[in-house]
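Novice: These are the residues of each chain, in order.
There are 2 protein chains.
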Amino acid sequence: MPISGFPEWLPSQRIIEQQILDRIRSTFELYGYAPLETRAVEPLDTLLSKGETSKEVYLLHRLQEDENTKREDQLGLHFDLTVPFARFVTENHGKLQFPFKRYQIQKVWRGERPQEGRYREFLQADIDVVNRDTLPFHFDTEMPLVIGDVFRSLPIPPATILVNNRKICEGFYRGLGLADTAQVLRTVDKLDKIGPEKVAAALIETAGATDAQAGQCLRLAEISATDASFVDRVRALGVTDPMLDEGLDELAQVIEVANQHAPGLVRAELKIARGLDYYTGTVYETLLQGYERFGSITSGGRYDNLASVGNTRFPGVGISIGVSRLLGLLFGQGALTVSRSVPTCVVVAVPSDDRRLECDRIASALRGRGIPTEVSPTAAKFGKQIQFADRRGIPFVWFPGEPDTVKDIRSGEQVEADPETWQPPAADLRPVVSAG
Amino acid sequence: MPISGFPEWLPSQRIIEQQILDRIRSTFELYGYAPLETRAVEPLDTLLSKGETSKEVYLLHRLQEDENTKREDQLGLHFDLTVPFARFVTENHGKLQFPFKRYQIQKVWRGERPQEGRYREFLQADIDVVNRDTLPFHFDTEMPLVIGDVFRSLPIPPATILVNNRKICEGFYRGLGLADTAQVLRTVDKLDKIGPEKVAAALIETAGATDAQAGQCLRLAEISATDASFVDRVRALGVTDPMLDEGLDELAQVIEVANQHAPGLVRAELKIARGLDYYTGTVYETLLQGYERFGSITSGGRYDNLASVGNTRFPGVGISIGVSRLLGLLFGQGALTVSRSVPTCVVVAVPSDDRRLECDRIASALRGRGIPTEVSPTAAKFGKQIQFADRRGIPFVWFPGEPDTVKDIRSGEQVEADPETWQPPAADLRPVVSAG
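Residue numbers (full-length UniProt numbering), protein chains in the order written: chain A, 1 to 436; chain B, 1 to 436.
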């Protein structure tokens, strides 16, 4: 029985997922990110110390373990890849070269009740850079370039990366005279869910804002621009604060570098904040054109205080692609197709059971030259063997003989062929993923 | 802190693992196996119904779940990939094409006490074929060919695949007059651990064998051959039984097909049985030359009764490569190395901070042509920037100028170069994994 929140793809969908993961990985590697994989479990204390996530954790128990496992020995499944990465860096900092750029493509688990497209097990593809002591800001400008290149390499609708900087919000709120900036941020973050009126009311009630202050917070949140013009619009609100200046300068850099690389890729969007507590500066989200109503498919930002060893800090910046979420949306809309449901390019037909070894040798020769090949499972009538290929979308059937021939079962064209030299068209060698 | 039994590789080791996984996957696909990934969890009842594995299961609990979760709702992490695969097939049989060949490369978990190189979280790479009703025997002969091709594609010592057939053992024991064949099998399976005398004593004590019967069982277990000569040696023991005949015929086919494909790859080894209960015919193990003392690095066999829907059976045959086990052994002996610890082929040096955008454009051009490139993190002295590359094993440093130049920091050779045309030697494009 399917288990709610634990999606499984059929083989043709898994072929699509794998090709998408190959392209993600390839783009990450083009930028020099090294691969990493961490264990699926972390001590419960590590998981609980980062953010308000206690409700989301799956704990592990051995079936026959005694009742008295101490809390510090309790293990839970990781709920993201950033917390395990920070733990890995502090544990192995003596063996790593800094700045350390890594990517990590793994399942994560959240023990929440599944609802409206939320999964309990899902795949994420993350990049992060950490450094010892301080991390140059230009790494914040690199994240949108990598994500932009990833999405451009996939057969999916164009993506827009939304960027903000928490220093803008915090500095602005502080400059306005609001002390509990975290509470203001949490409240404004609900804007899309509850609307401006309820946000204003909540700011007045829970963050001690006046009507005028609440109005200013809303006006800041309305600002959105695809170039650095947002800076003047913020200035026009008349609030000043050193942290606000720093945030505006940083966000302008992100937007300008991205516009050099790929115009239209990013948008400064001053209402986004990201829920998790550990971000300290730049934050990123991504919307897919035509899928905006489903929300963001990436999540990331700068975190200056997530990892430390003694007095040494390891600040970082990173972004995570919600691969299962993205594929779930696209599969749900029938927006991705693949040319066949198996890797096989050629089926070798078996004329009679006593000739199977001969067919194996043909298959072996084709495989030796990189052509995925199966031998027909039975020596049935050729019509049935062709049907075996047709049902799976396999383009070619090979007939042993004097000489051998190979048939393109789409066109019906059949030609003489030698397994040591015949080559299929490059486009037929692997399954082809396309949009729609 | 490291957690015992949950291994983690450093980035350079993960590069090795990834390249090995790429080759495993590529070989699996050359034989037409389609990719599949199943969820990490199964209902506890599914896990417990297959074999004596109760002690090995990790159960999941949500941190804030109520105490009264019913047993049928309990989830556990899968301990292998065969049980989830059988479940997937019965659940989706209406959507699959049979015979269904799939590969699956995933982590599995076992909640046992870690000891002597046993892991609690480890990576397996499995292939299986299942069919509706009956599965042609020739698929049993394919498994060693795939595994042989996989191992030949890796920079590791030669592998020998050991094959047996449970029908030989069961038929022989029955022909001898021993009724509890399962008990005899379990006892003989301990031969390597406890030696022939204790096995004989245990056969007499727990399986009701006479001295003569116990002696015959041991003589069968001693038989080992790289060709079909084992058949005559079994016949010479004078036991007859129809199931024995069937087993001998099947095993001879496996050996003969493998010898056609790659002489020396397989060995009939009549003592191996595999612990799990679900195998019904062929069983496989694999030893790595020079690493025999560490035991088998693959495990597999034919299972005719693992999956069924109503009266329809889905018999299968498969084999699993213990990837973490293999890598753990090889890393432990320093038997694998990689030419660099990052994917990066070129570092673009930054002459001064105001020229970073220019450096980004060079990097972008190189990446656009598939060359993994990083821009130096700081505009330090060039000596420091070269050191950045050298410490990671990155072969080339690019110097922007009029004209640009690129330096091979291994040879010191520096030449003029254009980011739109320059190409590194093919061998330098990706990290190279090699033996020793």
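No lab work stands behind these hints: they were computed from the structure.
In this text, all values refer to a predicted model and were calculated from it rather than measured experimentally.
Be aware that a few hints might be false.
Here are the simulated EDC-like pairs of lysine to aspartate or glutamate, each with C-alpha atoms no more than 16 Å apart in a straight line [unchecked claim]:
hint: 1; chain 1: B; residue 1: Lys95; chain 2: A; residue 2: Glu121
hint: 2; chain 1: A; residue 1: Lys381; chain 2: A; residue 2: Asp354
hint: 3; chain 1: A; residue 1: Lys190; chain 2: A; residue 2: Glu205
hint: 4; chain 1: A; residue 1: Lys407; chain 2: A; residue 2: Asp418
hint: 5; chain 1: B; residue 1: Lys381; chain 2: B; residue 2: Asp354
hint: 6; chain 1: B; residue 1: Lys271; chain 2: B; residue 2: Glu205
hint: 7; chain 1: A; residue 1: Lys107; chain 2: B; residue 2: Asp353
hint: 8; chain 1: B; residue 1: Lys271; chain 2: B; residue 2: Glu197
hint: 9; chain 1: B; residue 1: Lys381; chain 2: B; residue 2: Glu420
hint: 10; chain 1: B; residue 1: Lys107; chain 2: A; residue 2: Glu121
hint: 11; chain 1: B; residue 1: Lys107; chain 2: B; residue 2: Glu222
hint: 12; chain 1: A; residue 1: Lys95; chain 2: B; residue 2: Glu8
Quick list of simulated restraints, FRET-style, between CB atoms [said to hold, decoys possible]:
hint: 13; chain 1: B; residue 1: Gly334; chain 2: A; residue 2: Lys381; range: 52 to 60 Å
hint: 14; chain 1: B; residue 1: Pro351; chain 2: A; residue 2: Asp232; range: 27 to 35 Å
hint: 15; chain 1: B; residue 1: Glu402; chain 2: A; residue 2: Gly195; range: 56 to 64 Å
hint: 16; chain 1: B; residue 1: Lys384; chain 2: A; residue 2: Arg118; range: 40 to 48 Å
hint: 17; chain 1: A; residue 1: Gly215; chain 2: B; residue 2: Asp45; range: 53 to 61 Å
hint: 18; chain 1: B; residue 1: Gly310; chain 2: A; residue 2: Lys381; range: 25 to 33 Å
hint: 19; chain 1: A; residue 1: Pro158; chain 2: B; residue 2: Gly310; range: 44 to 52 Å
hint: 20; chain 1: B; residue 1: Ile204; chain 2: A; residue 2: Glu420; range: 34 to 42 Å
hint: 21; chain 1: A; residue 1: Arg410; chain 2: B; residue 2: Glu256; range: 33 to 41 Å
Positions of the beta carbon are idealized from the N, C-alpha and C atoms, including for glycine.
Novice: Tell me the numbers of any earlier hints that the structure contravenes, in ascending order.
Specialist: 1, 6, 7, 9, 11 and 20
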